[in-house]
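Colleague: Listed below, chain by chain, are the residues.
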Amino acid sequence: MDTNQFNTQILVLSDKLFRLAKSILRDAEAAQDAVQELNLKLWEKRSKLDEVENVPAFTMRAMRNLCLDTIRQQRDEDELPAEVEFVEPNPHQQIEQKDLATRVRKMIDGLPELQRIIIRMRDVEGMEITEIAYVTSLTENAVGVNLSRARQKIRERIIYEQKRVEETVWKR
Amino acid sequence: MNELLEKYFRGETSLAEEKELKNYFLSGNVKSEYAPYRALFEAFDQEKQETAIIPQLKILPRQREVKHFWIKTFSYSGIAAALVLALWTQYPRSERDYAIIHGRRINDPEYAQKYAEKKMSDVNEMLQNGLKPLRDMEALKENLRVAARKNGTVKDEIIELNKTRNTNN
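Going down the list, the sequences are from chains H and G. Taking the numbering used here, I'd label the letters of the first sequence as residues 617 to 788. Taking the numbering used here, I'd label the letters of the second sequence as residues 905 to 1073.
Calculated directly from the structure, the hints in this document are not laboratory data. Among the hints, a few may not be true.
[What the hints assert, rightly or not] With a straight-line cut-off of 25 Å between C-alpha atoms, the simulated DMTMM-like cross-links for lysine to aspartate or glutamate are:
#, chain 1, residue 1, chain 2, residue 2
1, H, K657, G, E922
2, G, K911, H, E669
3, G, K952, H, D618
4, G, K926, H, E741
5, G, K1022, G, E1046
6, G, K952, H, D643
7, G, K926, H, D631
8, H, K657, H, E669
9, H, K657, G, E1042
10, H, K769, G, E1042
11, G, K935, G, E921
12, G, K923, H, D725
13, H, K769, G, E922
14, G, K923, H, E645
15, G, K926, G, E916
16, H, K661, G, E1042
17, G, K952, H, E772
18, H, K769, H, E693
19, H, K779, G, E937
20, G, K926, H, E729
21, H, K657, H, D618
22, G, K911, H, D618
23, G, K952, H, D725
24, G, K952, H, E747
25, G, K911, H, D643
26, G, K911, H, E741
Could you put together the complete structure from these sequences and hints?
Modeller: Written as structure tokens, this is what we have:
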């Protein structure tokens, strides 16, 4: 892969890779570092990229693996909690998060790693199930199950929030 | 719409059907019964707008081009000198043999051979000296890369690299 091909096939994926890394690491700065690191690694191994059939899917998979390695390393160094569960925002936070869409994004962040990256790869990036299966090293069936669970959980939380809002309105 | 929405939550919709749902929920003309789900598709749309603030690694191709330029220049010079020497030493000697050096006709084959050997030696020295800054740059690049992984960004790396390159030039 020459310079031009690297620019047009790899560097153009930076935004997509950043969103995936951010979804896994839940930190924009760490996600940017991860994308830079991956770009450098791929540049060093650019001669081997010609053999790759689906470059975007291969790159996304490499991004996920790199992020998971980062998380493992941080866990070993006790820098990161195992998982961050979605916590119902307190009244003060609710005022800050007036926008329900912002709250939905936080709900997605509260999902387990596989579910949150699968729902984002499908609903944000518009990826095919086969591609998601390749990136996550799961079967297509397992991807479907995780996607369905992720959507159902978000649906339940949206409905729950909606009821709370209605109840608040009725009390007034 | 209800059926399509249920299919969506079961994870059974195609990409085309999901696009249809997104278009509907982002259209601003959503029925009140489906209104809570609008936030879901707005959230996806917001996330799609997020972009990475990452400096493009244009420096890498540029370095490569510079490196190739010097390698090509020295290689071609070396090949040319070697050809001159080879032709001169292999060609059958005669009284009419001569070489043109800097526009002067040289009839002494020993002088011409020594001249060609000297030029080849110069080219070799230039090649060694000329590539040294590039090797230094490679080492510096590697160090910066390690540092960037730990602390900084490639932006700083590029600035430092450019400074070093300017100093070398």
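Colleague: So, for every hint listed, does it hold in this structure?
Modeller: Hints versus structure:
With a C-alpha separation of about 35 Å, the suggested pairing of H:K657 with G:E922 is violated against the 25 Å cut-off. Among the hinted pairs, G:K911 with H:E669 is inconsistent with the structure: their alpha-carbon atoms are about 32 Å apart, more than 25 Å. The straight-line distance between the Cα atoms of G:K952 and H:D618 is roughly 29 Å, outside the 25 Å bound, and the hint therefore fails. The suggested pairing of G:K926 with H:E741 holds, with an alpha-carbon distance near 13 Å, which does not exceed 25 Å.
A C-alpha spacing of about 36 Å is found between G:K1022 and G:E1046, which places the hinted pair above 25 Å, so the restraint is violated. With a C-alpha separation of about 16 Å, the suggested pairing of G:K952 with H:D643 holds against the 25 Å cut-off. Restraint check: the Cα-Cα separation between G:K926 and H:D631 comes to about 21 Å, which is no more than 25 Å; the hinted pair holds. Our distance criterion of 25 Å between C-alpha atoms is met by H:K657 and H:E669, whose separation comes to about 18 Å.
Annotation: proposed proximity of H:K657 to G:E1042 holds, straight-line Cα distance about 15 Å (limit 25 Å). For the suggested pair H:K769 and G:E1042, the alpha carbons sit about 50 Å apart, so the restraint of at most 25 Å is broken. Simply put, G:K935 and G:E921 have alpha-carbon atoms about 18 Å apart, close enough for the 25 Å limit, and the pair holds. A C-alpha spacing of about 23 Å is found between G:K923 and H:D725, which places the hinted pair at or below 25 Å, so the restraint holds.
Simply put, H:K769 and G:E922 have alpha-carbon atoms about 18 Å apart, close enough for the 25 Å limit, and the pair holds. Proximity of G:K923 to H:E645 is assessed by CA-CA distance (about 31 Å); at most 25 Å being required, the pair is judged violated. At most 25 Å may separate the alpha-carbon atoms for a hinted pair to count; G:K926 and G:E916 meet this at roughly 15 Å. Distance check on the hinted pair: H:K661 and G:E1042 sit about 16 Å apart at the alpha-carbon level, within 25 Å; holds.
Of the pairs offered as hints, the one joining G:K952 and H:E772 holds, with about 23 Å between alpha carbons and a cut-off of 25 Å not exceeded. Between H:K769 and H:E693, the direct Cα distance comes to roughly 32 Å. Violation of the 25 Å bound is thereby established for this hinted pair. Taking the CA atoms of H:K779 and G:E937, the gap is about 13 Å. The hint holds against a cut of 25 Å. Between G:K926 and H:E729, the direct Cα distance comes to roughly 24 Å. Compliance with the 25 Å bound is thereby established for this hinted pair.
Straight-line distance between C-alpha atoms of H:K657 and H:D618 comes to about 15 Å, which keeps the hinted pair within the 25 Å bound. For the given pair, G:K911 sits about 44 Å from H:D618 by alpha-carbon distance, which is inconsistent with the 25 Å threshold. Among the hinted pairs, G:K952 with H:D725 is consistent with the structure: their alpha-carbon atoms are about 15 Å apart, no more than 25 Å. Taking the CA atoms of G:K952 and H:E747, the gap is about 18 Å. The hint holds against a cut of 25 Å.
Only pairs whose Cα atoms come within 25 Å are accepted, and G:K911 paired with H:D643 is rejected, the gap being roughly 32 Å. Only pairs whose Cα atoms come within 25 Å are accepted, and G:K911 paired with H:E741 is accepted, the gap being roughly 19 Å.
Hint violations for this structure: numbers 1, 2, 3, 5, 10, 14, 18, 22 and 25, all remaining hints satisfied.
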